[in-house]
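Given the structure of chain D, go ahead and fit chain G onto it with the hints provided.
Residue numbers (our numbering), protein chains in the order written: chain D, 1 to 340; chain G, 341 to 618.
Bear in mind the hints are in silico, worked out from the structure with no lab data behind them. Careful: at least some of the hints might be erroneous.
[Said to hold, decoys possible] Straight-line distance between alpha carbons at most 30 Å, and here's what the computed DSSO-like set of lysine-lysine pairs gives: (1) D/K98 with G/K417; (2) G/K387 with D/K210; (3) D/K235 with G/K551.
As the structure is a computational prediction, the values presented were derived from the model and not from experiment.
Single-letter residue listing:
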Amino acid sequence: MGKDGEVDFSIIGLENEIEQIQSNIDDLENGKGGSIAIIAEQFAGKTTLINKVCSMNKNRVEMISLSSVVKDEKKLQEIEEQKQIKIIDNCHFLYRHKIGGFDIIERFLKTVTSPENKQYITTWNIHSWNFLENTHEISKYFPVQIKLQGLTQEQARQLILSEYEEGEIQFIEDPTENKEKMINFVIDNTIFLNKEIGIPHLKINYRQIKSKLSRKKIILTPEENIFENIYSISKGNPGISKAIWEQSLVYPQIKPGDIKEPCQDMELDNDESFILSILVSMQNASRSDIIEIAGDEIDIERALQVLSKKNIISSEREHYTIKPEILKCATNFLRRSRLV
Amino acid sequence: MVGEESGSLSGMPSIDTGTLLSVISLLIIAYVVTRVISFLLTAFSEKVGKYRIKIKMLLPILKFSIYGYTVYYIMAKLLEVSAQELILFGGLLGAAIGFGLKDLFADLIGGIIIVFEKPYQIGDKIRVGDQYGEVNDIGIRATTITTPDDNYVSIPNYVIFTQSVSSANIGNSEMMVVTDIFLEHGSDMKIARKLLKEAVVTSRFVYMSEKHPITILTKDFPFYIRLRAKAYTRDLRYEFNFESDVSSRAWKELKKKGIKPPGANLIDSSSMPDQRDR
Numbered sequence: 001m002g003k004d005g006e007v008d009f010s011i012i013g014l015e016n017e018i019e020q021i022q023s024n025i026d027d028l029e030n031g032k033g034g035s036i037a038i039i040a041e042q043f044a045g046k047t048t049l050i051n052k053v054c055s056m057n058k059n060r061v062e063m064i065s066l067s068s069v070v071k072d073e074k075k076l077q078e079i080e081e082q083k084q085i086k087i088i089d090n091c092h093f094l095y096r097h098k099i100g101g102f103d104i105i106e107r108f109l110k111t112v113t114s115p116e117n118k119q120y121i122t123t124w125n126i127h128s129w130n131f132l133e134n135t136h137e138i139s140k141y142f143p144v145q146i147k148l149q150g151l152t153q154e155q156a157r158q159l160i161l162s163e164y165e166e167g168e169i170q171f172i173e174d175p176t177e178n179k180e181k182m183i184n185f186v187i188d189n190t191i192f193l194n195k196e197i198g199i200p201h202l203k204i205n206y207r208q209i210k211s212k213l214s215r216k217k218i219i220l221t222p223e224e225n226i227f228e229n230i231y232s233i234s235k236g237n238p239g240i241s242k243a244i245w246e247q248s249l250v251y252p253q254i255k256p257g258d259i260k261e262p263c264q265d266m267e268l269d270n271d272e273s274f275i276l277s278i279l280v281s282m283q284n285a286s287r288s289d290i291i292e293i294a295g296d297e298i299d300i301e302r303a304l305q306v307l308s309k310k311n312i313i314s315s316e317r318e319h320y321t322i323k324p325e326i327l328k329c330a331t332n333f334l335r336r337s338r339l340v
Numbered sequence: 341m342v343g344e345e346s347g348s349l350s351g352m353p354s355i356d357t358g359t360l361l362s363v364i365s366l367l368i369i370a371y372v373v374t375r376v377i378s379f380l381l382t383a384f385s386e387k388v389g390k391y392r393i394k395i396k397m398l399l400p401i402l403k404f405s406i407y408g409y410t411v412y413y414i415m416a417k418l419l420e421v422s423a424q425e426l427i428l429f430g431g432l433l434g435a436a437i438g439f440g441l442k443d444l445f446a447d448l449i450g451g452i453i454i455v456f457e458k459p460y461q462i463g464d465k466i467r468v469g470d471q472y473g474e475v476n477d478i479g480i481r482a483t484t485i486t487t488p489d490d491n492y493v494s495i496p497n498y499v500i501f502t503q504s505v506s507s508a509n510i511g512n513s514e515m516m517v518v519t520d521i522f523l524e525h526g527s528d529m530k531i532a533r534k535l536l537k538e539a540v541v542t543s544r545f546v547y548m549s550e551k552h553p554i555t556i557l558t559k560d561f562p563f564y565i566r567l568r569a570k571a572y573t574r575d576l577r578y579e580f581n582f583e584s585d586v587s588s589r590a591w592k593e594l595k596k597k598g599i600k601p602p603g604a605n606l607i608d609s610s611s612m613p614d615q616r617d618r
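Just chain D, same shape as in the assembly:
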């Protein structure tokens, strides 16, 4: 609940986690408690959660939010000052996926286990966490691990609509001819011999088939249909849900048919897949960091170009990040290739 008794929709679905962290913070005053790792995929609400915890404990905590790879340890020393509880957001920036890229995180882990009675509340990308679990058994350093679960369909609906007045958005039924088909004729672009060519083929719309099978003749309203479609793509990830909503909304109207299945059948070579796995684990990375990590053997420019052309990643001032709506299918693809 907010200050005036209003529901704080920004933290919807995170109430239990906030309570758990708060209880750990309180335990610390009694000489108990241990460092906390909050683990989730990108766009899942780690920063929102940590900001809320910080605002609830202003006098007791100090916070640092990492936004790029930490190359200088002084950045961490900034917070090793007076307060008992340190919050560090985006700890996956404490290492680089390269030889010699683990020195800072190894020193940080030593700090976490130092005998001083300090508590660290940290957030980690789940894929980086899994990687560090295999390389450094990182879970042993954080007795409390909180893995963020996704929102329910109803929570996702509440979160999205909390930004609008009641009745502001018009949910419109699809015209019959615009309804999604179960099999579509699509043309996918790919780069062949430095030229972009379109490959026509038939594509099965699994979501539509699943929806047809599961509906069991229950007629859904356009609003229910829209949020069901959003949920089937985002799997309850709030950032992804919001991104899909914003892309599909033609203010103030939205139709179920506007929620397009963003995933194409991913066809990436080994180099492109590896770069994608780095971006999925780091959440965002500068061109120079990617070059440093990938080394000489990968044609990074070509790989980044392909990923951009296929609408998998976006870039801003030479910083690359995966598009929210693609995250789920990219992760599935990387899991099949065993890169995450």
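Showing chain G alone in chain D's frame:
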């Protein structure tokens, strides 16, 4: 279908042209169906990443089932072979095996044993005698493998009775790769071990999990120190890429730290210890 012609030898039923054509057609259909299923299943398996080998495991079973059922159908339905005729046929078959088809028969039995006992599967990396490579197909008569030099080698199925067969991955996509690095005595082993471990974990070909850990081993030899990394590659097709990637990136960093290989004359293959020892 089977005519009881009065002039036939030893009272054996003769086969009319129609039956013969049906038998040939059935065999052709069985062959075509097998090829189509093999093609589709292989194409599908290549799309599903880590489950590739699990799907390809079905291929030899399907192949033997299709051919087995075809033979059964021809014998039972088309030729309507009676118990007496079957015994006679068995006798003839026994004689044929004794005279010259025994190897072919051994291959057939070997194929059936490979399918059910699974000493290796399609997609595995196996070593049989001097041959090493990825299994492409387990046929009725022979198993075909592709060697690292891209040679296509056909190994008769009966070989499993006479030689030991080693499979590097037993039906899994991942396989262990051993990478050795030789250093001169006096090298800083703490740094060397750390760098080699980091070269392994940051390789784009590595596969790590609780059941697939990475091990770094050190062993002293009279003229050099061997640093050995044992780790899994996420797909056995990257076996050599993985080894090369780890070795080249590790050496690049080791040299920056002043760690050197032993003198070239000290590592010659004839004096090397067996690489498979621990």
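Which numbered conditions among the earlier hints are violated in the structure presented, ordered from lowest to highest? 1
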